[in-house]
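Undergrad: With the hints as constraints, model all of the structure from the sequences given.
Chains S and R, in that order, are what the protein sequence lines are. Numbered by this note's numbering, the letters in the first sequence go through residues 4 to 168 in order. Numbered by this note's numbering, the letters in the second sequence go through residues 11 to 355 in order.
Keep in mind that the hints were calculated from the coordinates and are not lab data. Backbone N, C-alpha and C fix where the C-beta goes; we use that ideal spot for every residue, glycine too. Certain hints may be false.
[Said to hold, decoys possible] Anything over 10 Å on all C-beta distances counts as not near chain R; from chain S, calculated:
hint, residue
1, Phe9
2, Ser14
3, Phe16
[What the hints assert, rightly or not] Simulated pairs of lysine-lysine, PhoX-like, Cα-Cα distance not exceeding 25 Å:
hint, chain 1, residue 1, chain 2, residue 2
4, S, Lys133, R, Lys351
5, R, Lys331, S, Lys162
6, R, Lys85, R, Lys71
7, R, Lys154, R, Lys85
8, R, Lys351, S, Lys129
9, S, Lys25, R, Lys85
10, S, Lys25, R, Lys154
11, S, Lys86, S, Lys25
[To be verified] Computed list of chain S residues with no C-beta within reach of chain R, every gap over 10 Å:
hint, residue
12, His44
13, Phe139
14, Leu141
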Amino acid sequence: MTIFYFVAFLSIFFALMTIFTKNPVHSVLYLVITFFTFTIHYILLNAQFLAVVNFIVYMGAIMVLFLFVLMLLNLNKDTEPMKSNLVKIMGTIAGMCLIATVLGALKVIETNNGFVTGNTDFGLVKNLGKILFDEFLLPFELSSILLLTAMVGAILLAKKDKKEA
Amino acid sequence: MEVAFILEKLILVVIVFVITLVIAMYSTLAERKIAGFMQDRHGPDRAGIFGLLQPLCDGGKFFFKEEIIPAYAHKTLFVLGPVIAIITACITSAVIPWGQELTIGDRTVSLQVADVNIGVLYVFGVIALGVYGIMLGGWASNNKFALMGAIRAASQSISYEIGMGLSLIALLMVTGTLSVGEIVAQQSGFVNWNIWVQPLGFLIFITCAFAECNRVPFDLPECETELVGGYHTEYSSMKLGLYMFSEYINMFVSSALMASLYFGGYNFPFMYDLGLSSNWITIIGVIVFFLKIFGFIFFFMWIRWTLPRFRYDQLMNLGWKVLIPLAIANIVLTGVFSIIKDTYF
Numbered sequence: 004m005t006i007f008y009f010v011a012f013l014s015i016f017f018a019l020m021t022i023f024t025k026n027p028v029h030s031v032l033y034l035v036i037t038f039f040t041f042t043i044h045y046i047l048l049n050a051q052f053l054a055v056v057n058f059i060v061y062m063g064a065i066m067v068l069f070l071f072v073l074m075l076l077n078l079n080k081d082t083e084p085m086k087s088n089l090v091k092i093m094g095t096i097a098g099m100c101l102i103a104t105v106l107g108a109l110k111v112i113e114t115n116n117g118f119v120t121g122n123t124d125f126g127l128v129k130n131l132g133k134i135l136f137d138e139f140l141l142p143f144e145l146s147s148i149l150l151l152t153a154m155v156g157a158i159l160l161a162k163k164d165k166k167e168a
Numbered sequence: 011m012e013v014a015f016i017l018e019k020l021i022l023v024v025i026v027f028v029i030t031l032v033i034a035m036y037s038t039l040a041e042r043k044i045a046g047f048m049q050d051r052h053g054p055d056r057a058g059i060f061g062l063l064q065p066l067c068d069g070g071k072f073f074f075k076e077e078i079i080p081a082y083a084h085k086t087l088f089v090l091g092p093v094i095a096i097i098t099a100c101i102t103s104a105v106i107p108w109g110q111e112l113t114i115g116d117r118t119v120s121l122q123v124a125d126v127n128i129g130v131l132y133v134f135g136v137i138a139l140g141v142y143g144i145m146l147g148g149w150a151s152n153n154k155f156a157l158m159g160a161i162r163a164a165s166q167s168i169s170y171e172i173g174m175g176l177s178l179i180a181l182l183m184v185t186g187t188l189s190v191g192e193i194v195a196q197q198s199g200f201v202n203w204n205i206w207v208q209p210l211g212f213l214i215f216i217t218c219a220f221a222e223c224n225r226v227p228f229d230l231p232e233c234e235t236e237l238v239g240g241y242h243t244e245y246s247s248m249k250l251g252l253y254m255f256s257e258y259i260n261m262f263v264s265s266a267l268m269a270s271l272y273f274g275g276y277n278f279p280f281m282y283d284l285g286l287s288s289n290w291i292t293i294i295g296v297i298v299f300f301l302k303i304f305g306f307i308f309f310f311m312w313i314r315w316t317l318p319r320f321r322y323d324q325l326m327n328l329g330w331k332v333l334i335p336l337a338i339a340n341i342v343l344t345g346v347f348s349i350i351k352d353t354y355f
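TA: Written out as structure tokens, the structure is:
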């Protein structure tokens, strides 16, 4: 349990650092570390497969792309759009609403779900695969179709741009 | 978790680490010797017999060179770049089974540091992480050439990771496990090697491995004719040494991976027909494994002096329009074959 609290502290600390640093590249790097702490959380839950997939997909692919784009954009103080006070206040209110919603949702679920009471081998590849392709086959396939649609859409947008130019 | 177990693993880790470093060191010499052989000249032969002390001299030289951090570089990230590169290169070897079990007294010692049941994915994750070292180094240098090199490295590595992952999926369909230890154990003898059932997958995997290691013909991130030195243009002294070292370690580890995933790892033909005790089989197995690795390292160097470098658009075309469709076709074929095998044989 002490390990959990230590890693949870690290997660929150680096998540806050992500928000508070001025330099966008630093921000991305702190986000990478935050994802790494999530990987440790998964390992603590004995969900090895999720841990490694989180590692590969978020740290290895998505964040590399983020970093890639930021390096190309070369953001600095001059190009940063000035945000008015109105936007800042609206952002704060929206954030608070999100916190209230998440807290409410967590309160409803409480703690007697599968994670705590179920068997600890839940996150191993075999068990996860059986559950995904048996019990949750439809949502799984639907989400893959959603991803495919997004991909096709992105390619379509990129192609259109090329024709006009 | 008793003390002896931890001690045993610690000793194994140190041995693997030292062997990795020594092999990476002598790979630099081997590369120059092989280059010399291919170009009909001697290669380095002044330091020690056959130039055997050359890597030591080079290493010493790296330490004594002046350490330069450019004034406009981002200092922390500039130092962090080579550190990440070498760490990610070194930790991949944790899941590679170097041999079977060794019996000392009444203890059986497994020659694999960690037999995690997601070994293949672990390797894949660490490889994915390796690109951060290059990207951070290239960006922190605050140099246009270095940035270009870093961007090339990142996009190349992302593109070829997909092909590599897809070729591995076909392999996993055949083996049915994600543990590298089990995959090697399944390939005992000679006819059970995965290369016989996954030749196309191996071809895709080795091509992607070349790209992931930034080796010729995919060495565009450090293409000296266009980019001065690529992502390590601004680096000097041991930090440059770490980058070069991590490249050779990557080459060694990916050779070990190819040998264990497709060429049977420590398995050799007729291993159980010779009537040897299990310890001898293990020792010969380790030697055989390293011979396979050296064969692959030689292949890496051989290709370097055989093929010219690709152009960047050719590299991307090969990755996205040839290797990925081929890998997907390979997955489908593997599925069809395994169904036919299950129903008719």
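Undergrad: Using Cβ atoms and 10 Å as the threshold, tell me whether leucine 141 (chain S) really stays out of contact range of chain R.
TA: holds (21 Å)
Undergrad: Take a quick look at whether lysine 86 (chain S) and lysine 25 (chain S) sit within 25 Å of each other, Cα to Cα.
TA: This hinted pair holds, its Cα atoms lying about 14 Å apart.
Undergrad: Is it true that the CA of lysine 331 (chain R) sits at most 25 Å from the CA of lysine 162 (chain S)?
TA: Answer holds: lysine 331 (chain R) to lysine 162 (chain S) is near 17 Å, not above 25 Å.
Undergrad: Hint check: lysine 25 (chain S) vs lysine 154 (chain R), CA-CA at most 25 Å. Holds or violated?
TA: Distance ~23 Å between lysine 25 (chain S) and lysine 154 (chain R) Cα, so the pair holds.
Undergrad: Is the nearest Cβ of chain R still more than 10 Å from the Cβ of serine 14 (chain S)?
TA: Correct as stated: the minimum Cβ-Cβ distance to chain R is 18 Å, above 10 Å.
Undergrad: So if I understand the rule, the pair passes when the alpha-carbon distance is 25 Å or less; does lysine 133 (chain S) with lysine 351 (chain R) pass?
TA: With a Cα-Cα distance of about 23 Å, the restraint between lysine 133 (chain S) and lysine 351 (chain R) holds, given a limit of 25 Å.
Undergrad: Once the closest CB in chain R is found, is it more than 10 Å from phenylalanine 16 (chain S)?
TA: Since the minimum Cβ distance to chain R is about 18 Å, phenylalanine 16 (chain S) lies beyond 10 Å and the statement holds.
Undergrad: Just want to verify: phenylalanine 139 (chain S) was marked as not at the interface with chain R; is every Cβ pair farther apart than 10 Å?
TA: Consistent with the label, phenylalanine 139 (chain S) stays out of reach of chain R, its closest Cβ about 20 Å off (over 10 Å).
Undergrad: Is the straight-line distance between the alpha-carbon of lysine 25 (chain S) and that of lysine 85 (chain R) 25 Å or less?
TA: At roughly 17 Å apart (the allowed maximum being 25 Å), lysine 85 (chain R) and lysine 25 (chain S) satisfy the hint.
Undergrad: Does the claim that histidine 44 (chain S) lies off the interface hold, with its Cβ farther than 10 Å from every Cβ of chain R?
TA: holds (16 Å)
Undergrad: Next pair to validate is lysine 154 (chain R) with lysine 85 (chain R); report whether the Cα-Cα distance is within 25 Å.
TA: holds (17 Å)
Undergrad: Taking 10 Å as the cut and beta carbons as the points, is phenylalanine 9 (chain S) off the interface with chain R?
TA: holds (20 Å)
In the structure shown, no violation is registered for any of the earlier numbered hints.
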